[in-house]
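Those protein sequence lines, which keep their order, are chains Z and R. With numbering that gives the first Met the number 0 applied, the first sequence corresponds to residues 0 to 249, in that order. With numbering that gives the first Met the number 0 applied, the second sequence corresponds to residues 0 to 284, in that order.
In short, the hints are calculated from the structure, not lab data. Some hints here could point you the wrong way.
[Claimed, not checked] Quick list of simulated restraints, FRET-style, between CB atoms:
1. R:Ile28 <-> Z:Ala167: 52 to 60 Å
2. R:Thr191 <-> Z:His29: 29 to 37 Å
3. Z:Gln224 <-> R:Pro177: 51 to 59 Å
Each residue gets a CB set at the ideal place from its N, CA and C atoms; glycine is no exception.
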Amino acid sequence: MTTLLEVSDLRKTYGDRVVLADVSLTVDAHDVVCLIGSSGSGKSTLLRCLNLLEDVDDGVIVFDGREISDPRVDRREVRSRMGLVFQAYNLFPHLTVLDNCTLAPRRVHGLSRAEAEERARGLLAQFGLADQAAKHPDRLSGGQQQRAALVRALCTEPRLLLLDEITAALDPELVGEVLAIVRDLAAAGTTMVLATHEMAFARDVATSVCFLEGGRILEHGPPEQIFTDPREERTRQFLRRVLPDGPENP
Amino acid sequence: MTAEGWQPSDRELERRRLRSRERTRSLVIASGAMVVVFAGLTVGIARSPGWPSVHETFFNWEHAKAAFPSILDGFWINVQLFLIAEPLILVLGLAVALARQARSPWLAPVRVLAVVYTDLFRGIPTLLLVILFAFGMPSLGLEGVPNSLFFWSLVALVSSYGAYVAEVFRSGIESVHPSQVASAEALALSRTQTMRYVVVPQAVRRVVPPLLNDFVSLQKDTALVAAVGVFDAVFAAQDYGNFNFNYTPLVVVAIFFVAMTVPLARLTDWLGRRYVQRAFAGAVR
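Generate coordinates for the entire structure from the input sequences, incorporating the hints supplied.
As structure tokens, this is what we get:
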């Protein structure tokens, strides 16, 4: 196993408010790390720090063998090897789905239009969006938009995919179609760090689960252990609330 | 049930009769109110003690006809000013707005210049700018630029409106949600690419109605060049009026300007409505 991402003692504050403290995390290639925890526990902030959308206040992030928390690092170069999918899709409303997917490959990765479109069409077809390529995002359903956003992130062939509660804004009936894709990606060996509220999904797909509470990773382990026999009382309480068949609640 | 099999119910037919009666009633009331108000205004003005002399000085058909050709020639100057200034203002405004958004430390002087420019030129009355540019600039004796009043009046209008339009563009750029920028950055787009492919295309769509509003205003302000003696429609009308002691040509010029600005104003309304409709229909194109 090669270590793809190593986070040590990460700290992030907004003014006096400490959002992340002493966060340490190791992600090996082909790992699927699920971040769980209540809203405001720091899951999204952690992902934004990993993608360098936020500057960290302390700690070190090493990605692919290089420290990326160094201010001299080329953020664009780092991001070009990392994909991030947002909770609210954040597709570009003025571009078609296809143009959304080819923008970064063409402008950042230097692919020709034909190459970029071929790759995008292939992925769109794979995710059941072949018919939607020429449409603008607002014409699509929420589930289709989120799948398109996933394709947009995958079109740059990232080494690491960050997913920020990508099903949180969807109707329950649309959640399944998006999760099915993430499941496929995990099966195909994509390295992912994802924040999620879908516990059943996390239990199935994750290679490890981190429970965040108040900006700290309170507990960290394989899903079988976290979901059935958590060490911390707080984890137990959280899981009891979100899982009908959580620990001590058969 | 098929569509052919459907017959409106008695209740529906009665509702339709009621709706049609309501419409007729509204139409009658609206027409009546219009007649009363406008007839009242007309009678009120016509019966005022000064009306005969006002009628003679401002609404004289003979003078209107006599002044018409020179006004038409002058108005062509206004149209030229407007048509040349408009694209230049768009380019200048967008450039200044983008300069204010620049983050690179190398561009700090450009950013400061952009701020100083908008503050200065938005603060000075356009009339004053026209006078200062048209009379001041030629005295510099610059080589290689025209020294005509027309040219420097044009420069004054472009400078003044460029500052307004820059602010319109800036508000449009700032109205694009930060998540769009984050999204572009997450895809590793550079700042310039983010602006060019993501922010500016969305911003421009949003600012079209306020931009057209500024252009309606610009159309009228082309008349300010009369202050420095550019032979535009207003100057032509004043010239005629001073010579013949009749101000009818000024009213004629007013009609010219209205005829030019009303279509643009309607277009502004229409674009604004269309934007709202599309936004609510969830289809932004």
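Right, here's what the structure says about each hint:
The beta-carbon spacing between Ile28 (chain R) and Ala167 (chain Z), approximately 53 Å, falls within the hinted interval of 52 to 60 Å. Against the hinted window of 29 to 37 Å, the Cβ-Cβ separation of Thr191 (chain R) and His29 (chain Z) comes to about 36 Å, which satisfies the hint. At roughly 39 Å, the beta-carbon separation of Gln224 (chain Z) and Pro177 (chain R) lies outside the given 51 to 59 Å, and the hint is violated.
Comparing the model with each numbered hint stated earlier shows that hint 3 is the single one that does not hold.
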